[in-house]
Structure formats: structure tokens, C-alpha cells
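Engineer: Sequence:
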Amino acid sequence: MFEFAWWWALFALPLPFIVRLLSPKTQQTDVALRVPNLINNLPQSKSPKAAKRGWLILATIMWICLVLAAARPQWLGEPVNVPNEGREMMLAVDLSGSMKIEDMMVNGRQVNRLTMIKSVLYDFIQRRVGDRLGLILFADTAYLQAPLTYDRETVATLLDEAVIGLVGEQTAIGDAIGLAVKRFEQKAESNRVLILLTDGQNTAGNITPQQAKELAVDAQVTVYTIGVGADAMTVSSFFGSRQVNPSQELDETMLTDIAKATGGQYFRARNAAELNNIYAMLDQLQPIEGEARKMRPLTALFYYPLALALLLSALPVIGILLRSIWFRLAGSNEAVS
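When you line the sequence shown up against my numbering, it's residues 71 to 407, in that order.
The hints are simulated quantities; they were obtained by calculation from the structure and are not laboratory data.
For glycine and all other residues, C-beta sits at the position ideal for the given N, C-alpha and C.
Just to be clear, a hint being listed does not mean it is correct.
The following label-pair restraints were derived from C-beta to C-beta distances [unchecked claim]:
1) LYS330 with TYR213: 39 to 45 Å
2) GLU223 with PHE74: 35 to 41 Å
3) GLY167 with ASP193: 22 to 28 Å
4) LEU399 with ALA377: 28 to 34 Å
5) GLN280 with GLY178: 56 to 62 Å
6) ALA331 with GLU231: 43 to 49 Å
7) GLU319 with ARG142: 50 to 56 Å
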């Protein structure tokens with residue numbers, strides 16, 4: 071169904087004509103709107119009266135387009151049922167410097183830890199129909215990238231745009247948990263979940279993991295922690311290749327303690343397959359059922375008349391420029407001849 075969100079803006083349509091009608095009569099009729107030097111730069115083959123008429127028509131169309139855009143035209147689709155069930159689920163992703171370690175494999179190629187998380191987490195986000203999802207990114211500090219929303223595509227896009235080192239090189243796990251607890255709305259406590267992904271230990275922030283755990287327990291937020299990183303990695307050096315443990319800084323004891331205290335669980339993701347299995351297990355979380363709600367998909371259309379108005383407003387300038395170029399070329403040809 072087509073409608074105008076701000077239909078009352080259409081009352082502005084006759085304003086220029088009313089102003090023109092009520093303006094004092096002059097010996098020479100002029101248009102309500104002026105563009106400097108426009109009439110003088112119109113093709114000489116047209117009479118001044120015809121030129122003014124052309125400008126008046128152009129200005130009228132521009133005004134109609136602007137008013138239509140201001141009225142916010144939109145298309146409302148057919149009502150669809152949206153299940154009002156699920157969880158308030160916040161995703162907290164580590165962006166510290168260690169996330170750039172390339173000890174993961176995705177589609178047969180070696181990638182860093184954040185790239186692997188993005189590739190697997192995207193599918194998980196798309197499956198969370200009915201959940202309100204949010205996104206927290208943390209390193210030296212934690213900040214909210216996406217508030218809780220039903221718009222899964224936006225959350226996935228914001229995650230994809232995240233880059234390592236965006237907020238520093240350290241790891242503020244406590245701040246991430248504290249921020250998540252703060253952002254959860256006061257609904258039924260049993261449906262609030264935080265999924266925290268990290269590859270290290272708490273090395274920064276204003277809130278310690280112990281304090282963050284207590285905040286989560288008091289707010290009845292269930293925290294699922296995921297430790298990311300391979301157990302072994304081959305590195306090359308001057309003395310040859312050797313095996314190292316790239317996850318030796320991962321504080322599994324702390325992550326396990328936080329998860330158990332809040333009623334969640336700690337998972338270890340050594341590769342993409344394990345992380346995918348973890349998300350499959352998290353998919354089994356029973357949602358909180360509620361009454362279904364109806365939504366009508368809305369498509370904004372205001373940018374069409376707005377774009378047309380902008381295009382029409384540029385035509386006089388383009389005409390002046392083309393005419394100026396034409397005169398210069400004609401003058402140069404006369405000089406040569």
C-alpha cells in the first residue's frame with residue numbers, strides 16, 4: 071500500500087503560486103524563484119518570454135518533487151507475523167592484537183582468528199530468528215557497535231567491518247561483560263545471553279573479570295565464553311621450522327569460572343569446525359515464547375523525487391557551463407580563421 075508518512079507536507083504545494091498571486095503587480099511579470107544570470111545565458115533563439123516560461127516550468131517541477139520528498143512517500147507491504155520469542159543475545163568479540171595470528175583454516179586457506187570468527191559467526195547470526203542481537207567489540211576498552219536489534223543483517227555487516235586494533239591491542243574482558251550487562255533491558259531475566267569470544271586473558275579495562283562475573287550473576291545474564299586459537303602452529307625461523315603453542319596466553323580457567331558462575335558454559339574453538347559445532351549447540355538454547363506480533367515491511371521512496379529535484383536543479387548550471395565552453399570554442403575557431 072502506498073502512503074505518505076508526513077501527508078500534511080503536501081499542503082505546501084500551492085505556496086509559491088499563492089505568493090505569486092498575492093504579490094504586487096508589476097509592469098513586467100517575473101518568476102517567484104530566481105537563478106542569477108540564468109535567463110541571460112539561455113539560448114538566444116528563444117524569446118525572453120519563452121525563456122521565462124521554461125524556467126517557470128522547471129522551477130514548478132522542482133518544487134513539486136521537493137514537496138513530495140518532504141511528505142515521505144513509502145510503500146507498506148502485506149502484514150507478516152514475526153515470532154515474538156527468543157533471547158536478548160549480545161555478542162562480544164575480541165579485537166586485540168593477538169587476533170591477527172594466522173592459525174586458522176577457512177575454505178582451505180590460512181587466515182587469522184578474527185577472519186575465521188566472522189565467517190562462522192555470520193551463519194550463526196542469520197539463524198537467530200526471533201532473537202534481539204547486539205554486538206560489542208573490545209580490546210583496550212569495550213564499546214557498543216550495535217545495540218540490541220531484530221535486524222540481523224545490520225549486526226552481521228557491522229561485525230564484518232570490524233578490524234583488528236580498532237580499539238587497541240590489549241584485552242578488556244571485564245569491560246566487555248560489564249558493558250553487556252548494562253545494555254540489557256529490564257525484561258525477563260532468564261532470556262538474556264552473552265556470548266564472549268576471546269583468545270587471551272584480561273590485560274586492560276576498568277572492571278576486573280571477577281567484578282564482571284558478579285555483575286552478570288546479579289543481573290541474571292547467562293555468559294557463554296569461547297576460547298579461540300589453535301593448540302599447535304608451525305613457525306619458520308633462521309634455525310628451521312618448529313611447533314609452538316599460539317594459545318598459551320588463553321586464560322581458560324578464568325573463562326570457565328565466569329561461564330559456570332552465570333549458568334553458561336565454556337567452549338574451546340581450535341578451528342573453524344569446532345567453532346561451528348559450538349554455535350550449533352548454542353542454537354539449541356530454548357527461546358522464551360511470547361505473543362506473535364505483526365509487522366508490515368516498509369520501503370522508503372522519498373529519495374526518488376529528491377534525486378529528480380537535485381538533477382533538475384543542476385540542469386541550468388550544466389547549460390551555462392556548456393554554453394560557456396561553446397562560446398570559447400567558437401571564439402578560438404574565429405581567431406584561428
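Engineer: Now tell me if each hint is right for this structure.
Structural biologist: Verification of the supplied hints:
1. For LYS330 and TYR213, the Cβ-Cβ distance of about 27 Å falls outside the hinted range of 39 to 45 Å, so the restraint is violated.
2. Our hint of 35 to 41 Å for GLU223 and PHE74 is violated, since their Cβ atoms are close to 27 Å apart.
3. In this structure the hint that GLY167 and ASP193 lie 22 to 28 Å apart at CB holds, the actual value being about 26 Å.
4. For the hinted restraint 28 to 34 Å between LEU399 and ALA377, the CB-CB distance of approximately 31 Å keeps it satisfied.
5. In this structure the hint that GLN280 and GLY178 lie 56 to 62 Å apart at CB is violated, the actual value being about 42 Å.
6. The given range of 43 to 49 Å is broken by ALA331 and GLU231, whose C-beta atoms sit roughly 33 Å from each other.
7. In this structure, GLU319 and ARG142 meet the distance hint of 50 to 56 Å, their C-beta atoms being roughly 53 Å apart.
The structure is inconsistent with the numbered hints 1, 2, 5, 6, although it conforms to all the rest.
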